[in-house]
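Please put together the full structure from these sequences, using the hints given.
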Amino acid sequence: MITQLIAQTIVNGINVGALYGLAAVGLSLTFGVMKILNIAHGEFLMVGGYMAFWLLTLRGIDPFLSVPLVAVALFLLGMICYKFLFASIARFEEETKVKNSLLVGFGLFLVVPQIARLLWTGDVRSITPPYSGESFPFLNVRVAYVPLGGLVIAVAVILALHLLLTKTYFGKSVRGTSENWKAAKLMGINVERTYLITFAIGVALAGVSGVLVGLTQALTPDVGMEWTLKALIVVVLAGIGSVGGAFFAGLILGVVEAVGAIFMGPYAVALGLVIFLLILMLRPQGLFGNE
Amino acid sequence: MLKVNQIDVYHGDLQALWGVSLEVGKGELVCLIGANGAGKTTIVESISCLLAPAAGSIWFNDERLNNKPAHRAVQVGICLIPEDKGIFRGMSVLENLELGAFNPSSRKLRYETFKFVYELFPVLESRKNQMAGTLSGGEQQMLAIGRALMGRPKLLMCDEPSLGLAPIVVKNIFAVIKQISQSGVSILLVEQNVRAALRLAQRGYIIENGRVASHGEVKDLLNDEKVESAYLGTA
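So the sequence lines, in the order shown, correspond to chains U and L. Residue numbering for the first sequence follows the numbering used here, beginning at 762 and increasing consecutively. Residue numbering for the second sequence follows the numbering used here, beginning at 300 and increasing consecutively.
Keep in mind that a hint or two might mislead.
[To be verified] Restricting the straight-line Cα-Cα distance to at most 30 angstroms, the calculated cross-link-like pairs of lysine-lysine (DSS-like) are:
1. K325/L with K943/U
2. K367/L with K943/U
3. K928/U with K414/L
4. K470/L with K453/L
5. K844/U with K367/L
6. K858/U with K367/L
7. K943/U with K407/L
[Claimed, not checked] Cβ pair distances, simulated, as ranges:
8. N471/L with Y930/U: 29 to 35 angstroms
9. N471/L with L826/U: 58 to 64 angstroms
10. L924/U with V422/L: 27 to 33 angstroms
11. A351/L with F845/U: 20 to 26 angstroms
12. L925/U with N360/L: 33 to 39 angstroms
[Stated by the list, open to error] Derived coverage of chain U by chain L (criterion: at least 3 residues anywhere in the stretch with Cβ under 8 angstroms from a Cβ of chain L; other residues may be distant):
13. 930-938
14. 941-951
Hints were generated in silico from the structure; no laboratory data involved. Yeah, the Cβ is synthetic: ideal placement off N, Cα and C, and Gly gets one too.
Dropping the structure here:
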């Protein structure tokens, strides 16, 4: 009985953890490449979630099919935000860059939820396609279709991102820029353009995680900050620069929180912050970071 | 081929170069010598469009390069190996070389260039899957040169290639630079190792406090008393 409970909890934890991982990967990418900390990452996630919600409600588009639509839309939104808000920051020294990006991020954090509230009201929404709530038995646990689909999409997206970064010329130029932007310029890499596209990819990743969040959890205009924090914890846990590492760290956080909930009830949420502090104290470069 | 006309360059509010002019012809090997902080690095960084001159102009063939983005300089065939070598330490040797051929026109030719670079530096081929940060100093300099060659440069600028390397390695590096020069690539060499640089080059520029103090054929510079006492020591 107790083993079944724990097994079921781990399955649920993996489902949530995959979302944490996906949400964190985008944040980790922009921070690693551009040294910009995008505090508004969760706001983009919220926007992506709402977009899928309205696509289903108004047009009847299946949320899993709307994933690519949201990705493209948020990619464009990311490009616009970069051009108007972040591009001028990218030119500064590293330290100024982090500070100024925090200010811009907080600005978005204040403005975007208000816009969302005006447009879509503050009601709690969740994306509920007809098949939500259905599940199938697997060994001695039950696996629900929707979170499983979310897990599959999260893994597929992470894998695609990993291949993009390691196998393509563009991806290599992104990694080169992240390591040494000056040398990247000397290779003929258009660093400005690399920043633009990287930022947009980060925002698109936030949007995709938003769809999955909307499918399994509640959406309100205010969920952004919560997810930014989760993503930050995961990034610290994983260390900067490893896509697979960020995803894996997300899974760890998800499982730890879920199992913790059995013993600690609602206080399990604090476990994430405990991990955050422990990692900062004991292994500041993160579990999978190099330096 | 390269013509730098009276450029003034600032680092923030600080003026680093005053009316510097220099020229590098096709296939020529020219050296820039001078003390630390004289402005040699600033000159090559301006030519690479990492820094924008406040006055004056930089021409490469018939294109004016001032205020162009840095990737434009690479596209026209200018390549700078920076003083810190600018190796991507967390990427493999092969990936470093691939990024050297990032520019579309050199990317198309990269498989041929790979062969050429591996012939020049066999050690790079045997270490191609190793992280670049794990290479020794001399190997990193070879990687930096190999990576620069991947871009098929018309003008190669080396900023202090001998810095921090063992004498035997320095000798090899200079031999390679000479070989590259003989293959028709123009070279602008920044060196503190003045004697070696003057032995290698055809012409030289002496930079003092952000100005060109004197320039000319290497044999004239070697015979110049001022140069001799300031840089070569009386032997």
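Exercise. Against which earlier hints does the structure fall short, listed by number upward?
Worked result: Failing hints: none at all.
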